[in-house]
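Using the sequences and the hints, build the whole thing.
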Amino acid sequence: MNRQELTVMADQAKTKHHHFSKKVCVCCGTSCMASNAEKVLEQVQQNIDALGLKDEVEANLTGCMGLCNQGPLVKVLPDHTIYQKVEPEEVGDLLKAQFVDKQPKKDKLLFADTRPEPFVNANEDPFFKKQHKIILKNCGVINPEDIEEYIAYDGYKAFDKALNSMLPEDVIAEIKHSRLRGRGGAGYPTGMKWETVYKYVNNQKYVVCNGDEGDPGAFMNRSVLEGNPHSVLEGMMIAGYAVGASKGYAYIRGEYRLAIKRFETALKQAKKLGLLGKNILGSNFSFDVEVRIGAGAFVCGEETALIASIEGKRGTPSPRPPYPAECGLWGKPTLINNVETYANIAPIILNGGEWFSETGTAKSAGTKVFALAGKIKYSGLIEVPMGTSLREIVFDIGGGIPGDGEFKAAQTGGPSGGCIPEQHLDVGMDYESLMSLGSIMGSGGLIVMDKSSDMVDVARFFMEFCMDESCGKCAPCRVGTRMMHDLLQRIVDGKGTQHDVDRLQELAVYVKEASLCGLGGSAPNPLLSTLRHFPEEYANRLVSPEVLIHQHLEL
Amino acid sequence: MKKKLATVWLGGCSGCHMSLLDIDERILEVAKLADIVKCPIVDGKPFPEVDIALVEGSVTSDEHYEEILHIRKQAKVLVALGDCAVMTNITGMRNYFPLQEVMAAAYTHSPSNDGEGMWPNHAALLKLHGKVLPLQSVVTVDVVVPGCPPSADTIFYVLYELLNDRMPDLSTAQKLKYG
Amino acid sequence: MPIITVYINGQKILTESGVTILEVCKANNIPMLTLCHLKGLHDIGACRLCLVEIEGVNRLLSGCTTQVADNMIIRTDTDRIKRYQRITVELFFAERNHVCAVCVANGNCELQQAGYAVGLDHIRYPFLYPECNVDTSHPWFVMDHNRCIMCTRCVRVCTQVEGAGNWGVMNRGHDVRIISDFNTPWGESITCTDCGKCVHACPTGAIWPKAVAQGQLTKYPEMIGELVEKRKLLQ
Numbered sequence: 001m002n003r004q005e006l007t008v009m010a011d012q013a014k015t016k017h018h019h020f021s022k023k024v025c026v027c028c029g030t031s032c033m034a035s036n037a038e039k040v041l042e043q044v045q046q047n048i049d050a051l052g053l054k055d056e057v058e059a060n061l062t063g064c065m066g067l068c069n070q071g072p073l074v075k076v077l078p079d080h081t082i083y084q085k086v087e088p089e090e091v092g093d094l095l096k097a098q099f100v101d102k103q104p105k106k107d108k109l110l111f112a113d114t115r116p117e118p119f120v121n122a123n124e125d126p127f128f129k130k131q132h133k134i135i136l137k138n139c140g141v142i143n144p145e146d147i148e149e150y151i152a153y154d155g156y157k158a159f160d161k162a163l164n165s166m167l168p169e170d171v172i173a174e175i176k177h178s179r180l181r182g183r184g185g186a187g188y189p190t191g192m193k194w195e196t197v198y199k200y201v202n203n204q205k206y207v208v209c210n211g212d213e214g215d216p217g218a219f220m221n222r223s224v225l226e227g228n229p230h231s232v233l234e235g236m237m238i239a240g241y242a243v244g245a246s247k248g249y250a251y252i253r254g255e256y257r258l259a260i261k262r263f264e265t266a267l268k269q270a271k272k273l274g275l276l277g278k279n280i281l282g283s284n285f286s287f288d289v290e291v292r293i294g295a296g297a298f299v300c301g302e303e304t305a306l307i308a309s310i311e312g313k314r315g316t317p318s319p320r321p322p323y324p325a326e327c328g329l330w331g332k333p334t335l336i337n338n339v340e341t342y343a344n345i346a347p348i349i350l351n352g353g354e355w356f357s358e359t360g361t362a363k364s365a366g367t368k369v370f371a372l373a374g375k376i377k378y379s380g381l382i383e384v385p386m387g388t389s390l391r392e393i394v395f396d397i398g399g400g401i402p403g404d405g406e407f408k409a410a411q412t413g414g415p416s417g418g419c420i421p422e423q424h425l426d427v428g429m430d431y432e433s434l435m436s437l438g439s440i441m442g443s444g445g446l447i448v449m450d451k452s453s454d455m456v457d458v459a460r461f462f463m464e465f466c467m468d469e470s471c472g473k474c475a476p477c478r479v480g481t482r483m484m485h486d487l488l489q490r491i492v493d494g495k496g497t498q499h500d501v502d503r504l505q506e507l508a509v510y511v512k513e514a515s516l517c518g519l520g521g522s523a524p525n526p527l528l529s530t531l532r533h534f535p536e537e538y539a540n541r542l543v544s545p546e547v548l549i550h551q552h553l554e555l
Numbered sequence: 001m002k003k004k005l006a007t008v009w010l011g012g013c014s015g016c017h018m019s020l021l022d023i024d025e026r027i028l029e030v031a032k033l034a035d036i037v038k039c040p041i042v043d044g045k046p047f048p049e050v051d052i053a054l055v056e057g058s059v060t061s062d063e064h065y066e067e068i069l070h071i072r073k074q075a076k077v078l079v080a081l082g083d084c085a086v087m088t089n090i091t092g093m094r095n096y097f098p099l100q101e102v103m104a105a106a107y108t109h110s111p112s113n114d115g116e117g118m119w120p121n122h123a124a125l126l127k128l129h130g131k132v133l134p135l136q137s138v139v140t141v142d143v144v145v146p147g148c149p150p151s152a153d154t155i156f157y158v159l160y161e162l163l164n165d166r167m168p169d170l171s172t173a174q175k176l177k178y179g
Numbered sequence: 001m002p003i004i005t006v007y008i009n010g011q012k013i014l015t016e017s018g019v020t021i022l023e024v025c026k027a028n029n030i031p032m033l034t035l036c037h038l039k040g041l042h043d044i045g046a047c048r049l050c051l052v053e054i055e056g057v058n059r060l061l062s063g064c065t066t067q068v069a070d071n072m073i074i075r076t077d078t079d080r081i082k083r084y085q086r087i088t089v090e091l092f093f094a095e096r097n098h099v100c101a102v103c104v105a106n107g108n109c110e111l112q113q114a115g116y117a118v119g120l121d122h123i124r125y126p127f128l129y130p131e132c133n134v135d136t137s138h139p140w141f142v143m144d145h146n147r148c149i150m151c152t153r154c155v156r157v158c159t160q161v162e163g164a165g166n167w168g169v170m171n172r173g174h175d176v177r178i179i180s181d182f183n184t185p186w187g188e189s190i191t192c193t194d195c196g197k198c199v200h201a202c203p204t205g206a207i208w209p210k211a212v213a214q215g216q217l218t219k220y221p222e223m224i225g226e227l228v229e230k231r232k233l234l235q
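Residue numbers (the working numbering), protein chains in the order written: chain A, 1 to 555; chain B, 1 to 179; chain C, 1 to 235.
Calculated directly from the structure, the hints in this document are not laboratory data.
None of the values given here were measured: they were computed from a predicted structure.
A portion of the hints provided could be inaccurate.
Claimed, not checked - Derived SDA-like pairs: lysine to any residue, alpha-carbon spacing no greater than 20 Å straight-line:
#1 A/Lys512 x C/Lys82
#2 C/Lys82 x A/Glu513
#3 B/Lys73 x A/Leu555
Okay, structure coming up:
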C-alpha cells in the first residue's frame, strides 16, 4: 500500500459509513460481553433487517463506553442516546421505539433507574458532560475489529503525516511541545524519553508497549486495547519512526484475552494493508510489532522486569542505571511507554502539540483516563482533563456516594498509591498535586471509600497485595513488605501497640528508599498516606503493652 | 556501696552460666564490686531487688513469662545473656512446628521413650507456650549480649563496665558474636 | 579508559571510567558491605547493603551496579545508609531460620560478618520462622533453605561460570526459593555437574558439603573470581 491508496481507502470508508444516517453501537467490551452483549448485537442486526432499515441504520460492535456496571449498553448515533442493561429480547421494542415511533424508551435510557430525569442525549448527562475525550474519543464509536473504520476516522493519518512530512526530530519536538507525560504512573516527560532513545546510536532499537495493567480495580489500558487497538498501534509506529526502531513489542497482560485478540487482529489487518512490514507506505521505514503475553505478575509492569519477561527470563527488575533507553531489550536501546501514552500520540501529531498542551494544567498536559470504582454511584471509565478536582470526579461525574453514605477517602494509583481524605477533595488530579499528598497518579485507578471503610485494613489489604506480588529479588521489598503486613495485621487484630506503629513508620520509609524497583519504592504509600491522613484510626486500634502482657502475647 | 548482682536461667541450656564461670579468677574482681545475691544454683527464694540481672534463655512458658516480668520490675539493668535470650536460638527451633507436634515428637514418637506416649501434665509443671519468644519481645532489655555462649571475656567485659557504671558497647569493643 | 575524578566520603579519588562504585571503593580501601556481590559474577543489586547516596540523584543506588561518572559525589557513610544497612541485616536474620549455634557456617559466614559490621546485637522485628526444607538428596552436598538469603550467587555461578544451569528461582515474595532443575531433589538433578562451585559461592550455611560439622565449614568464594580471570587468560 502506498500513500495514495491509504487516502483512497479512507475516502471509500468514509463514503461507506456516511451512507447510513444512523448508527447503533453495541458495547462489546469484556464486561458487556459478560452480560450477553454478543446476543444483543445479533438481535440488533436482525431487528434492523426486520424493520427494513438496512439502508439507513448500520449496527456495529464497539469498545467500552465507560459504564461497565450498566451493561450491555446500546448507543444510537448521532443522537447519543444510550440504553442500559439491554436484554436480547428487549432489542426489538427498543429499536422500533427509536427508529419507527421516534420515541426513545424512557425506562431503558442510561441511568433511568437512578436519575429522576434521564437524558435522551447522553452527552448532556453530567457523567459525560464533564469529560473530555482524546484517548477514548473513538472508543465506543468505532468497530475495534475493523481497520477500515479506524481509517475512516482519520486513522493512520497521523502516522502518514509523521512519516512523510516530518523528520524524526520534528516528531520528537512535537511530542516535547505537547508536554505529554508518561501515563504509566511516574509521569516522565514522553518527549524527553523519546529523545534519549533517539540519540543512542545503534542499528537495532526497540519500541515496547506496556500493557501489563496490574493494579486491582484498574482497567484503563484494557478498555483502550479492546476499544481502539489501532490507536495504540499507530502510536507505537510513530514512536518507532521517531526513535529509529524497527521492531515493537506489545506486552499485554495474559488475563486480557479480548484485548490480546483485538490487538492481534489489528496487527494482522495492518500487516495485510502493508502498514506494518518493510518499506511502509513507500518509505524506507520498516516496522513490525509482536504481541507478548504476560503471565500475571504485577511486577512485570515495571519496565526492567517487563524487558526480562519479554526476553524469556524470570520477570524480575534490575537496577537502573543503565536505563532501558540505553540498554534495554536484549541490551539494545529500548523505548517503553504505557498503552495510554501511545494512544495520545496520533492525536498530538495530527492536531499539534500546541493543541494538546491547551488541555490540562501547566505541568500536566492533556487528559487522563481513570477507572472510577468503589463506593460511588456511577462507576466506570472516565477521561478528564488533568487538574480536574477530585470533588468534580467523585460528585459531579460519579454522582457521589450511594445511599446515605459519606465520602471518606479516595485511593489513587492502586496498591502503589495513597489515600486522599475529605479535606483534600479539591485537589486537582495531576502528578505533582497527588505526589504532595503522598499519593501518586499511577496508571489511573481511583477507588472511592465511604465512612464504613476501615483505613488500617485498607492499608493492610494493599500491603498484602504488594507482599504477594513482590518478586523476591531484593531484601527490603521481599522481607519488608511481609514485616509491614504482619505488623498491620497485628494492629487490625487489636494486638498492636505504639511500638508497632513506630516500627511501621521506620520500615515504610526504609522500604520506600532502599528497594530496588518501583514496586518496593511505592508499596508503603497506602500505609504512609493512611498514617498521615488518618492517624486517629491507628491510635484507636492500639492497645497498651499491659493488655498484651496480660494475655502472654508477644510485644 | 557494692552493687547487687543476680543471674537467672529461663529457657536455655545453662551454657551461658558455664561461660560466666569461665571468667575464672576474674570473679574476684566482680566480687569486689558486687554481691551475687541470686543465682540458679544458690536457692529458690524469690528474685530480689537488684542492680544488675543477667538473664539466660528465652521465654518458653507461662512460668518464664511471669518470671521475666517480675525480674524486669526488680532489676535496674536487665541483661539478655546469650543467643537464646536475644534471638531464641535453639530453643526457638520448635517455632517452625505446632506445639502439639513438638510434644508428640518428644514424648510419643521418640525412639527412647517407653512407647506409652504419656505427656507430662502435672499441675506443678510449667505450661509451654506455642511460640518461644526472645526477651525483648516481652520486656524492655537494657543490654544485649549475643553468643552461644558469649565468651567469658565478653561476659566479664559487660559485667565490669556495668559495675563501673558504664554502658558496655559490644560493637565498638568488637565483641559481637552470634552462635 | 579515560581517568575521571570522583569524591567518596569527601575523599578525592582518581579512577578510570567504566568501573562501578564498589570497585572504586575496594581499590581505595573504603569499606563497603556486600552480600549478593561476588567477584566473577554479574552484579544484580539485590541485597541493598552497598547502597550509596549520590549528590543530585534522589534515589539510593546500589554501589555494585552503578558506574562512576566524572565528578560524582558519593557518600557511603551517612547515618541513613548505616541505619538502612542495619535494618537490611535484621530483616535477613528475621526472614528465615538463622540459628548460628547449630550452623555449619558459624564463624565463617558473610551474613554474620555483615551483622558484626553494622553492630547488630539483636533483631527488633518479629521472627517469621518459615517452614523450610533441607535437601540432603545430593551424595556430597546439602541445600538448607533455612539459611538461604536469596543472594542467588549459587544460581549465577551455576549459570555464568559452570554453565550448568542447575539452580533456579521459584515463587515470589517471601515464598521465593532456590530450586534445583524444576524443583526436584538436588540428588536427582540431570544438569548438576557436582562441581561444587555453588558451595563456595554461598555466603551463608545454605549450601555445604556433607563432610563438615557445626562451625567447621571453610569456604573459598574468591575461587570463583580467580577462575573467571584464569579462563580469560586461556581465551
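Hints, verified against the model:
Between lysine 512 of chain A and lysine 82 of chain C the alpha-carbon distance is near 16 Å, which keeps this suggested pair within the 20 Å criterion. A C-alpha spacing of about 13 Å is found between lysine 82 of chain C and glutamate 513 of chain A, which places the hinted pair at or below 20 Å, so the restraint holds. Between lysine 73 of chain B and leucine 555 of chain A the CA atoms are separated by roughly 17 Å; this keeps the pair inside 20 Å, and the hint holds.
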